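Enquirer: Chain A is fixed; fit chain B onto it per the hints.
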Amino acid sequence: MTTNAASAPNQSIKRQQKRRVVVTGIGAVTPLGHTLPDTWNGLLEGKLVAALIKRFDATDYPSQIAYEVADFKLRRDLLQTGEEMYLNDATRFAINAAAEAMEQAKLTSVQIEPSRTAVCFGNGLTCPGLDWYSEVYLPKKFDDPSFTNHIRFFADQISSLLGRMIGAQGGVTTIHTACASSGQALGEAYEMIAYGDADLVLTGGSDSMINPFSAAGFALLGALSDRNEEPTTASRPFDRGRDGFVFGEGACVLIFEDYERAIQRGANIIAEVCGYGVTESAYRITDLHPEGRGPIEAMEMALNDAGIESSAVGYVNVHGTSTQLNDRIEALAIAKVFGEYSQRMFVSSTKSMTGHMIAAAGAIEFAFCVMALKHQLLPPSINIFEADPDCRISLTPKKVTAHAMRYALSNSVGFGGSNTAIIAGRIDT
Amino acid sequence: MSADELVVTGLGAVTAAAIGSQAHWDRLQYRGKSPCSAEDYGLAQFKATEHVRDRRQLKSVSHADGIGLSAINGLITDSGYQVGYYRSERIGVYVGAAGATVADNDGYMDALIAATEPNGRVSSPRFGKTSTTSRPVTLLVGLANNVLCYGSLLLDARGPNSNYVSSSTSAHLALINAAKRLARGQIDMAVAGGYSVATDPAYAAMFKKLGLLRDEVAEERAQDNSPNNSPNNPYALRPFQSDAPAGTILADGAAFVMIERRAAAAARGAKVLAQYCGGAIGSDGLGPKRCDPNGVALIATITRALAAAGISSSDIGLVLSGASGVQAVDQVELRALRQIFNDGAHSPALAVTSRVLGNLMEAGGIIELALVSEIYESARIPESISLDVALSPFQQTLNRAKPYALVLRSSPWGEYSCVVVKREVV
Chain A
-3 MTTNAASAPN QSIKRQQKRR VVVTGIGAVT PLGHTLPDTW NGLLEGKLVA ALIKRFDATD
57 YPSQIAYEVA DFKLRRDLLQ TGEEMYLNDA TRFAINAAAE AMEQAKLTSV QIEPSRTAVC
117 FGNGLTCPGL DWYSEVYLPK KFDDPSFTNH IRFFADQISS LLGRMIGAQG GVTTIHTACA
177 SSGQALGEAY EMIAYGDADL VLTGGSDSMI NPFSAAGFAL LGALSDRNEE PTTASRPFDR
237 GRDGFVFGEG ACVLIFEDYE RAIQRGANII AEVCGYGVTE SAYRITDLHP EGRGPIEAME
297 MALNDAGIES SAVGYVNVHG TSTQLNDRIE ALAIAKVFGE YSQRMFVSST KSMTGHMIAA
357 AGAIEFAFCV MALKHQLLPP SINIFEADPD CRISLTPKKV TAHAMRYALS NSVGFGGSNT
417 AIIAGRIDT
Chain B
2 MSADELVVTG LGAVTAAAIG SQAHWDRLQY RGKSPCSAED YGLAQFKATE HVRDRRQLKS
62 VSHADGIGLS AINGLITDSG YQVGYYRSER IGVYVGAAGA TVADNDGYMD ALIAATEPNG
122 RVSSPRFGKT STTSRPVTLL VGLANNVLCY GSLLLDARGP NSNYVSSSTS AHLALINAAK
182 RLARGQIDMA VAGGYSVATD PAYAAMFKKL GLLRDEVAEE RAQDNSPNNS PNNPYALRPF
242 QSDAPAGTIL ADGAAFVMIE RRAAAAARGA KVLAQYCGGA IGSDGLGPKR CDPNGVALIA
302 TITRALAAAG ISSSDIGLVL SGASGVQAVD QVELRALRQI FNDGAHSPAL AVTSRVLGNL
362 MEAGGIIELA LVSEIYESAR IPESISLDVA LSPFQQTLNR AKPYALVLRS SPWGEYSCVV
422 VKREVV
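Just so you know, the sequences run in chain order A and B.
Counting along the first sequence from 1, when you hit position 94 you're at 90 in the working numbering, and nothing is skipped either side.
Take any residue in the second sequence, note its place counting from 1, add 1, and you have its number in the working numbering.
No lab work stands behind these hints: they were computed from the structure.
Just so we're clear, the structure is a prediction, and the values are computed from it rather than from any experiment.
Hints may be right or wrong, so weigh each one.
Unchecked claim - Simulated pairs of lysine-lysine, DSS-like, Cα-Cα distance not exceeding 27 Å:
id, chain 1, residue 1, chain 2, residue 2
1, A, Lys370, A, Lys102
2, A, Lys136, A, Lys102
3, A, Lys136, B, Lys210
4, A, Lys69, A, Lys43
5, A, Lys137, B, Lys210
6, A, Lys50, B, Lys130
7, B, Lys48, B, Lys34
8, A, Lys43, A, Lys332
9, B, Lys60, B, Lys130
10, A, Lys137, B, Lys209
11, A, Lys394, A, Lys370
12, B, Lys209, B, Lys34
13, A, Lys102, A, Lys14
14, A, Lys69, A, Lys50
15, A, Lys43, A, Lys370
16, A, Lys136, B, Lys209
17, A, Lys43, A, Lys395
18, A, Lys136, B, Lys130
19, A, Lys14, A, Lys370
20, B, Lys48, B, Lys60
21, B, Lys48, A, Lys136
Here chain A stands alone, though its shape is the one from the complex (with noise of 0.2 Å):
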């Protein structure tokens, strides 16, 4: 098939000039804590925290562990009357998160312009469990009054719930793209800022996964650890044994905003949001093009959208699952992407900390890329035993180290082929 002119870059376009976007607050419920100090002081000190899943009796289940985010508790102060049934484990989390992201942008204290404030979240398929099917569906009582709990599964509920929080009236967007839900809901929030159509975007991820339909799903396809003896050391992206991930859950809720307005009323910068690159691999479902198409043209749109050079970033967190696959393609197109500098930029994968987050992940490791550049630490890479030779990739040390570094860039990649990247800026205080 011949392409034709019509398909080159049409130059006649006027290039839109982007406004600055930056991170005003960051809000975390994670396995590692449940505010975003205490997770990134988790992660510092490389806690492990995986155990046997107590979510549910997971006892026969081909894998049986997890990352939980333990004894948790839910703001309920934030809570409007009526809101209750509506509420899932990932609704809890995104809430707590999104209180601590707005208060840490002081936004509880300032007036917000609702029309020019929306929400760009990141959730996950979360569905009711086996007690619901016992009593509701199988028998298909669907009027009996314990239906409601259905309602807490709807897909944009989190959304609206953290809409009303921050009294959006800019519109209230939801994604689900699989994994990369929360860093395709990141980069539509940066481009919603940097292109005008909002000031302020309330925006990021939630997800708990942690159910036996999911944990059943999974272990069918070949994705998961069975390392159930282990726990601790089952997710070990980029080791040479790694043979699958290892659940997570939580939420990360990160607030973006128009440069100039967070300067105007003295808001503290945490950092820049730089460049942004989606794509679609379309080659398989679960699996990534065997050349790391897709992740490569992401991570490409990514640095031509920040306008900088590949050898200006120094930290790359990659999506890094710990399954074979993923890990080896992934490091590939790093590879490709970054070619002989690939060797001395630090790459680490901190899901042998948090777990998969699935739905939040992207957002969670969006945000320790902003710490990494506010603090100018590299996460360290736990859980390797045995580099993997075929992932050529120099990944950061085993302890926390100190790194100058101007930029970092988030990976994620999602069943059914969305791939993101997206860069952090340092700002210089």
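Expert: This is chain B only, laid out in the frame that chain A set:
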């Protein structure tokens, strides 16, 4: 006309009313029986295998995904698009989808039954064992981005993409964001639209629990011997009519459009259905199932969409409302429209497509784009989507001198979208 104008060059649509662009227009002319129930608007018996060119794509997707993929297949035919015409990385695919439904786990049904104890409860450990005999792809059937993935494969599209699970505004979000990428020169062509899952029994039951669904009228309807497509049929979905039963009727369906630059469309000999002029989204910010009765955010949304299109409300000749029978939401829409068009001299015609199409939820607001030029061409609002009472200041006759149409979407979650299109003179 500018070469960089964005134009709609094809529609792929599958609803209970019709399949395809022309068939939907033909259906609007139909004067027979009105759809009145979930069954009428459902596609439970739809066979995607008859509409999808690569049937392997249907092996691990849901019934709703099959409807969505059928619409994309239909779009490729309708637009005359030859796969490979545009560079893969310059094609965007933007989808509105419903998210997960509990029926997505139906692939575990045998495992669930096998794990059920005598007391009727499913044992988790037993399910851990019994589920291992389920199909390996069971989880994939429930992915909410299957249509994005397989649609991209079909189109060999590797460019920017997204998958919105934002209820009634999902398809508009897909269209508006795709158009923005086109306008910025980041892509050359996009496929945008959405698909719904009304067939899912639990999904419908959830809407019922929330008090959003209309009570079934099958029994009364069976006694009604007046087959007609008239707005006077008491059992039809009749948004804005004070005597209509309250509540919406969910519809199965999918609708996708192709959108590209006018010059490129002309170069490949594509037929232009309408010009895309601009769009906007908005929200009340009040939380789930809460709408601002004053319609402040919807008014702002429409105002932003008009600004994006570079026109004023007096240029609008036609409003295709998103009203779907949820009275609280419909009233917000009506109030906002009254305020936007408060000058009676400039009032547009008002039509409601949900009468024929049902509440297409995540697929809604797309088919209308392809119908606008046909409506203008025929110079009248088809009776099937017109209103039977005067909603001052809205007209029932079309002023063809005003070539712009507004297409609205609004949801009980207080989320809104508005798209402005311009009729194409054939």
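Enquirer: Confirm or reject each hint.
Expert: Each hint, compared with the structure:
1. A/Lys370 - A/Lys102: holds, 19 Å
2. A/Lys136 - A/Lys102: violated, 48 Å
3. A/Lys136 - B/Lys210: holds, 14 Å
4. A/Lys69 - A/Lys43: Since the Cα atoms of A/Lys69 and A/Lys43 sit roughly 21 Å apart, the hinted pair holds (cutoff 27 Å).
5. A/Lys137 - B/Lys210: Distance ~12 Å between A/Lys137 and B/Lys210 Cα, so the pair holds.
6. A/Lys50 - B/Lys130: At roughly 18 Å apart (the allowed maximum being 27 Å), B/Lys130 and A/Lys50 satisfy the hint.
7. B/Lys48 - B/Lys34: OK: B/Lys48 and B/Lys34 at ~24 Å, within 27 Å.
8. A/Lys43 - A/Lys332: violated, 32 Å
9. B/Lys60 - B/Lys130: holds, 24 Å
10. A/Lys137 - B/Lys209: holds, 13 Å
11. A/Lys394 - A/Lys370: holds, 20 Å
12. B/Lys209 - B/Lys34: Cα-Cα ~25 Å, so holds.
13. A/Lys102 - A/Lys14: holds, 25 Å
14. A/Lys69 - A/Lys50: OK: A/Lys69 and A/Lys50 at ~16 Å, within 27 Å.
15. A/Lys43 - A/Lys370: holds, 21 Å
16. A/Lys136 - B/Lys209: holds, 15 Å
17. A/Lys43 - A/Lys395: holds, 11 Å
18. A/Lys136 - B/Lys130: Cα-Cα ~24 Å, so holds.
19. A/Lys14 - A/Lys370: holds, 24 Å
20. B/Lys48 - B/Lys60: The hint holds at about 13 Å.
21. B/Lys48 - A/Lys136: holds, 25 Å
When the structure is compared with the earlier hints, violations turn up for hints 2, 8 and for no others.
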